[in-house]
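A.B. asks: Letter by letter, the chains look like this.
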Amino acid sequence: MTATRTATTSVAAEGGPAGQADRATPRRSERLSATRKRVHNAAGAALVVAVLAGLWEGYKALGRAVDDVVPGTKIAFPVATDDLSMPHVWSILGALVEPARRGDPMLLGSYLLGETGVTLRESFYGLVAGSSLGLLLAVLFLHVVPLSKGLMPWLVASQTVPLVAIAPMIVIWGGKAGAPPWVAVTGIAAYLAFFPVTINTLRGLKSPPKVQLEFMRSVGAGRWQVLGWLRIPAALPFVFAGLRLAATASVVGAIVGELSAGTGRGIGRAILTFAYYYSNGPEKLYAAVLVAAAAGIVFVQSLALIERVALRHRHTR
Amino acid sequence: MSEAAIISVRGVTKQFTGGNRTVTALEDIDLSIRRGEFVSLLGPSGCGKSTLLRILADLTEPTDGTVSLNGKTPGAARTDRDYGMVFQQAGLFEWRTVQRNVELPLQVAGVDKQTRRAKAHEMLDLVRLSDFARHFPWQLSGGMQQRVAIARALSADPEILFMDEPLGALDEMNRERLQGELLRIWSDTRTTVVFVTHSISEAVFLSSRIVVMSARPGRIAASIDVDLPYPRTAATRTTDAFFAKVTEVRTVLHGVPAEQAAR
Numbered sequence: 001m002t003a004t005r006t007a008t009t010s011v012a013a014e015g016g017p018a019g020q021a022d023r024a025t026p027r028r029s030e031r032l033s034a035t036r037k038r039v040h041n042a043a044g045a046a047l048v049v050a051v052l053a054g055l056w057e058g059y060k061a062l063g064r065a066v067d068d069v070v071p072g073t074k075i076a077f078p079v080a081t082d083d084l085s086m087p088h089v090w091s092i093l094g095a096l097v098e099p100a101r102r103g104d105p106m107l108l109g110s111y112l113l114g115e116t117g118v119t120l121r122e123s124f125y126g127l128v129a130g131s132s133l134g135l136l137l138a139v140l141f142l143h144v145v146p147l148s149k150g151l152m153p154w155l156v157a158s159q160t161v162p163l164v165a166i167a168p169m170i171v172i173w174g175g176k177a178g179a180p181p182w183v184a185v186t187g188i189a190a191y192l193a194f195f196p197v198t199i200n201t202l203r204g205l206k207s208p209p210k211v212q213l214e215f216m217r218s219v220g221a222g223r224w225q226v227l228g229w230l231r232i233p234a235a236l237p238f239v240f241a242g243l244r245l246a247a248t249a250s251v252v253g254a255i256v257g258e259l260s261a262g263t264g265r266g267i268g269r270a271i272l273t274f275a276y277y278y279s280n281g282p283e284k285l286y287a288a289v290l291v292a293a294a295a296g297i298v299f300v301q302s303l304a305l306i307e308r309v310a311l312r313h314r315h316t317r
Numbered sequence: 001m002s003e004a005a006i007i008s009v010r011g012v013t014k015q016f017t018g019g020n021r022t023v024t025a026l027e028d029i030d031l032s033i034r035r036g037e038f039v040s041l042l043g044p045s046g047c048g049k050s051t052l053l054r055i056l057a058d059l060t061e062p063t064d065g066t067v068s069l070n071g072k073t074p075g076a077a078r079t080d081r082d083y084g085m086v087f088q089q090a091g092l093f094e095w096r097t098v099q100r101n102v103e104l105p106l107q108v109a110g111v112d113k114q115t116r117r118a119k120a121h122e123m124l125d126l127v128r129l130s131d132f133a134r135h136f137p138w139q140l141s142g143g144m145q146q147r148v149a150i151a152r153a154l155s156a157d158p159e160i161l162f163m164d165e166p167l168g169a170l171d172e173m174n175r176e177r178l179q180g181e182l183l184r185i186w187s188d189t190r191t192t193v194v195f196v197t198h199s200i201s202e203a204v205f206l207s208s209r210i211v212v213m214s215a216r217p218g219r220i221a222a223s224i225d226v227d228l229p230y231p232r233t234a235a236t237r238t239t240d241a242f243f244a245k246v247t248e249v250r251t252v253l254h255g256v257p258a259e260q261a262a263r
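Chain order of the listed sequences is A and V. In this text, residue positions in the first sequence follow our numbering: the first is 1, and each later residue adds one. In this text, residue positions in the second sequence follow our numbering: the first is 1, and each later residue adds one.
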C-alpha cells in the first residue's frame, strides 16, 4: 500500500538501477576518467607546441635550402627565413637563460618574468576593478530598464573606439591627477574588462526559467531575495564566461597601456625595447612575446580553475 | 458553506489582449473551496484552468471579479506564504542541495538556520526522500524531483497547496505512485489542495470534488463530488465505483453518452 511503502523501495523503483548505493560507483570511475582526461589534455597541449615548433623549423630549413624562392619560379617565400627574421627555436629558448644585458648577471628569462609579474598585477587589478564595475552595471541594467536602453549604445561605442586613442588620454589624466603610472595602466585594463562582464552577467541574470521566477514570487520573495538567491547563482556560469573574456582583454589592455605610460616597467615596455633593438637580438623579442603569451594563458587558466571550483556541483558545465 | 470557504472566487473574468485581438480565457467564474478539500480543476487545454489557478496564486491578475484566500487578497496571502505552489516542472535550483531547496521558502521568510534545517528534514521525511537531502537535483529522477518540489511547497506550513499539472511530465507508473503519495501527504498535513489536471482518472482518484471546466470561453461546467472513501489505494482504481465516477465525469466533460465514451 502506498502509505506504508518505505523510502528505499520507492527510491529503488523510481531511481531504477541508479539507486543510492550504485551511484557512488560510477562517480568514482568518473573521477578516474577525469584524471585520464586531464593527462590527455596536457599531452595534447604539448603536442600542439611541438608541432608548432616543428612547422617553424621545417619552414625555416626549407627556406634556407632553396634561398627563400619557390624552386623554378621567382615567387619569394612570404616570410624570409634568415636568422634575423626567424631565429631558431633553440636560440629563442636559449636567449631566456642568457644575461638580459651586457654586464648584468640577471638572466633574460627572470627579467622577463619580473616584468610579466608587473603586467599581470596591473591586469589583475584592472580585471577586479573592471569586473566589479561590470557586475554593478549588469545589476543596475536589470532593474532599471530605461537606463540599460539609454546607456548600452554608449557602452558598445566605448569598446569600438581604438584603444591606442584612449590609452594616452587615460595616462595623461592619471598623470594630471598625480597618480602613479600603474594606476593609469590598471584603468586601461579595467576599461577593456568591464564590457564582456556586463554583457554576459546581464544575460545570466535574465537566464532563470519562468518556473523558478514564479516559484520565488509564490513564496513572497522580494526583489533582492530573487537577485541574491536565484538570479545571481543562475548567472554564475555566464559571469565566468564573461570573466574569461575580461581576463584576456585586461592583459591586452595592460600591455597597450604600458606602451603609452612612461613607467619603464612591464612586459609591454620590454617588448617595445626589444623591438627597438631588434637587429641586435631578434630572439629576445620572440622570447618576450613567448613569455607574455604564456603568462596570459596562465592568467586565464587560473580563472578557469576558480570557475571549476565554484561550479563543481553544476551538472551542466 | 461560504462561511467555511478558505478560497472564494466571485465573478472572475480574465481577458488576454494580444495585438488587436482580445481572448476571454475565463468568464464569470464563481467558486468556493472549503478548508481541507482536495479540489481538481479539470478540463481540456485552453479552458483556463491553469489561468484560474494562477489568479488564485497572484501570479496573474483577473480582469474583473474578486478572489479571497484565507480572508485575504491573493497578494497578501502570497506574501504571507498562506499557500505553497507546485508547478509542472519541479524548477528546483540546480546549485542547491535537495535540503537547501526545501529550506528556500523558510529562508525567504527569514527563519533561522536551525529551525530551517529541522523543518526541511521533517518535509523530506514526509515525501520519503531523507536519504537524498545532500544530493543535487540533477542526481534525482523526475518523480523524485517533483517530490522535492512538493516538500519545498509545504515547508513553510501553508494552509493551501496549489498544484499546476504537477505530474504531467511523469510517466504513467511514476504518476500513479505519486498520486498515492500525494493523498498520503494530504491526509498527513490536512492542507487544502487545488489541483489542475487534464486527466480524468487522476482527478477522480485524487479529489474530493472535481470542478469541470469548458473551453472558449473558460467556464465552470459542473462541480462533481467524488464520494469514494479515503484512504484510496491502487485497489480503488479497479472498483466499479471508480469506473462509474470516471464515466460520470467524462460524460460531463464531453457531453457524450457513457457507453460511447467508455469505448
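It should be emphasised that the hints constitute simulated quantities derived from the structure, not laboratory data. Where hints are given, some of them may not hold.
[Claimed, not checked] Pairs of lysine to aspartate or glutamate, EDC-like flavour, derived with a Cα cap of 16 angstroms:
1) Lys-210(A) / Asp-82(V)
2) Lys-210(A) / Asp-58(V)
3) Lys-119(V) / Asp-157(V)
4) Lys-72(V) / Glu-61(V)
5) Lys-72(V) / Asp-58(V)
6) Lys-72(V) / Asp-82(V)
A.B. asks: Take the hints in turn and mark each one as holding or not.
C.D. replies: Outcome of the hint check:
| no. | hint | verdict |
| --- | --- | --- |
| 1 | Lys-210(A) / Asp-82(V) | violated (21 angstroms) |
| 2 | Lys-210(A) / Asp-58(V) | holds (15 angstroms) |
| 3 | Lys-119(V) / Asp-157(V) | holds (9 angstroms) |
| 4 | Lys-72(V) / Glu-61(V) | holds (15 angstroms) |
| 5 | Lys-72(V) / Asp-58(V) | holds (12 angstroms) |
| 6 | Lys-72(V) / Asp-82(V) | holds (10 angstroms) |
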